[in-house]
Amino acid sequence: MSAAIEFRKLGFATGAGQQLLDDISFTVEEGTTTVVLGRSGSGKTTLLRTVNRMIEPTSGDVLVRGKSVREGDVIALRRSIGYVIQETGLFPHMTIMQNVGLVLEVEGVARRERMLRSQDVMNAVGLEARTFGKRYPHQLSGGQRQRVGLARALAAEPSVLLMDEPFGALDPVTRSEMQDMMRELMTRMGKTVLLVTHDLDEALYLGDRVVLLRQGKLAANLGSREFLHSMNPEVEMFVRAFHRGEMNVAQERPA
Amino acid sequence: MTEILRRYGGEILELTVEHLWLTFAAMLFATLIAVPLGMWLTRRPRWARPVIGVANVLQTIPSLAMFGFLLPLPWLGTRAPRVAIIALTAYALLPILRNTYAGIRGIDPTLVSVAEAMGLTNRQRFFKVELPLAASFILAGLRTATVTCVGIATIAAAVGAGGLGEMIFRGVASVDNELVLAGAIPAALLALGCDAVLGAMERWFRVPGQGKPA
Chain A
1 MSAAIEFRKL
11 GFATGAGQQL
21 LDDISFTVEE
31 GTTTVVLGRS
41 GSGKTTLLRT
51 VNRMIEPTSG
61 DVLVRGKSVR
71 EGDVIALRRS
81 IGYVIQETGL
91 FPHMTIMQNV
101 GLVLEVEGVA
111 RRERMLRSQD
121 VMNAVGLEAR
131 TFGKRYPHQL
141 SGGQRQRVGL
151 ARALAAEPSV
161 LLMDEPFGAL
171 DPVTRSEMQD
181 MMRELMTRMG
191 KTVLLVTHDL
201 DEALYLGDRV
211 VLLRQGKLAA
221 NLGSREFLHS
231 MNPEVEMFVR
241 AFHRGEMNVA
251 QERPA
Chain B
1 MTEILRRYGG
11 EILELTVEHL
21 WLTFAAMLFA
31 TLIAVPLGMW
41 LTRRPRWARP
51 VIGVANVLQT
61 IPSLAMFGFL
71 LPLPWLGTRA
81 PRVAIIALTA
91 YALLPILRNT
101 YAGIRGIDPT
111 LVSVAEAMGL
121 TNRQRFFKVE
131 LPLAASFILA
141 GLRTATVTCV
151 GIATIAAAVG
161 AGGLGEMIFR
171 GVASVDNELV
181 LAGAIPAALL
191 ALGCDAVLGA
201 MERWFRVPGQ
211 GKPA
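These protein sequence lines are chains A and B, in that order. Position 64 (the first sequence) corresponds to 64 in this note's numbering; numbering is contiguous. Position 154 (the second sequence) corresponds to 154 in this note's numbering; numbering is contiguous.
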């Protein structure tokens, strides 16, 4: 297996001198899913955004398919990487079909071909293209919108997919539905996925590997099966804190 | 009413065309200045306050005084319609500028960032995302400006620029209410008509599922 994404001593500091990422090195193998886990403010999203060069690292480097993201055309780099975010970021003035086909459109793919490929990816994420294609984002439920977001990221057939808390805004039932679909889809398509979440269960369910970030530093990089049994104190602390949080939520729920 | 039309019909038509021409020319200039300027300001927000401030000051000058200021100027003052068009342009700037700026600034930054992350170039981002999302705002500004201009253009008759104001002024001077109405009614209808047409355009460009622009 070869590395699809490689972080090399990656660092990022804000203009004000705050170190958001500090000396991070790990690789994401081709065709696998790596989940970046951490609490809010641990630098997860910042890390993700260095891959499509939405953020320029202040030290170290990121390699996508062996090539530094700093080399070559940033527009071409971004088009070769699918990007999905929590609130989906669907364009409200475009129909679902237009949203899904946008990257193909700016790439100059002919209308007919664009339609066919958009229909394919929509069907792949479980949305009937004929029913949903002409609708606008506000006419869809949260789960459906998230499916569209995923379809849009897949439309240009990127080999790498970046996902930032993609299921964060969904209710628990829809969320697990989406996770199931995601797992099935990724196994079938063999994409390289880098997914950011704060949800331990999601990380273990979707990830081949789990990378734990704490205050901008890499705290652990483990196979998802080893994660819960790890003696790494950072991991133990996170797992404990996560389950305590879940218990609190459970207790707060009215009977 | 029919009496007014019979007596002044031809003149009303002629003056309406003049009135529309003044308004249209001024709106064209104002749009060509204010829309690009408003867009530029969204990229240089530091300049927004002073520039919009200047447009605001222009807006507060009483229209008769504005015509008065422009009349003594060399090239301008020699032709009354020039004076009128420049003054109307100045009044139209603020609503268009303000709405263009606010419309683009008001776009959810997430959407702009997603467009960038998807690999849209600056140009594509502007034409495919920012402009369509701000279009109904910009049109709302055009609508306000147009209606204002139709109103102020009646005063342009005071400097001899023509338009429906001419009948109103003449009617006032000769204490002829019929003549006043012959100018005032078409002027009011013109404003209402422009409002309706631009309002329809604004609705057409409204982003589905989002509220009415402020």
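Keep in mind that a hint or two might mislead.
Said to hold, decoys possible - Listing some non-contacts, in silico: residues in chain B with all C-beta distances to chain A over 10 Å: (1) Leu-111; (2) Ala-115; (3) Thr-144; (4) Val-147; (5) Glu-202.
Stated by the list, open to error - Result set (EDC-like, lysine to aspartate or glutamate): computed pairs, CA atoms no more than 20 Å apart in a straight line: (6) A/Lys-217 x A/Glu-71; (7) B/Lys-128 x A/Glu-105; (8) B/Lys-128 x A/Glu-29; (9) A/Lys-67 x A/Glu-105; (10) A/Lys-217 x A/Glu-234; (11) A/Lys-134 x A/Glu-165.
Claimed, not checked - Rough simulated footprint, nothing fancy, chain A against chain B, three-plus residues with beta-carbon under 8 Å: (12) 49-60; (13) 116-123.
No wet-lab data here; the hints were simulated from the structure. Glycine included, every Cβ here is placed at the ideal spot set by N, Cα and C.
Classify the label on B/Thr-144 as holds or violated, using whether its beta-carbon is more than 10 Å from each beta-carbon of chain A.
The assertion about B/Thr-144 holds, with a minimum of 22 Å to chain A.
Decide if the proposed pair is consistent with the structure: A/Lys-67 and A/Glu-105, CA atoms, cutoff 20 Å inclusive.
Answer violated: A/Lys-67 to A/Glu-105 is near 26 Å, above 20 Å.
Holds or violated: A/Lys-217 and A/Glu-71, Cα atoms, limit 20 Å.
violated (25 Å)
Outside-interface status for B/Val-147 - nearest CB in chain A farther than 10 Å
Non-interface label on B/Val-147 holds, nearest chain A Cβ at 26 Å vs cutoff 10 Å.
Holds or violated: A/Lys-217 and A/Glu-234, Cα atoms, limit 20 Å.
holds (11 Å)
Can you take a look at whether the region 116-123 of chain B is actually covered by chain A? Rule is 3+ residues, C-beta closer than 8 Å.
Our answer is that it holds, as 6 residues pass the Cβ test (under 8 Å) against chain A, meeting three.
Consistency of the no-contact label for B/Leu-111, given chain A and a CB cut of 10 Å:
B/Leu-111 is in fact no farther than 10 Å from some Cβ atom of chain A, at 6 Å.
A/Lys-134 paired with A/Glu-165 [C-alpha distance capped at 20 Å]
violated (27 Å)
Does the structure keep B/Lys-128 and A/Glu-105 at a Cα separation of 20 Å or less?
holds (11 Å)
20 Å Cα cutoff - pair B/Lys-128, A/Glu-29:
Roughly 35 Å between the alpha carbons, so the hint for B/Lys-128 and A/Glu-29 is violated.
Taking a Cβ-to-Cβ distance below 8 Å as contact, does the region 49-60 of chain B have at least three residues touching chain A?
violated (count 0)
Outside-interface status for B/Ala-115 - nearest CB in chain A farther than 10 Å
Answer for B/Ala-115: violated, closest chain A Cβ roughly 8 Å.
The structure does not agree with the numbered hints 1, 2, 6, 8, 9, 11, 12 stated previously, though it agrees with the rest.
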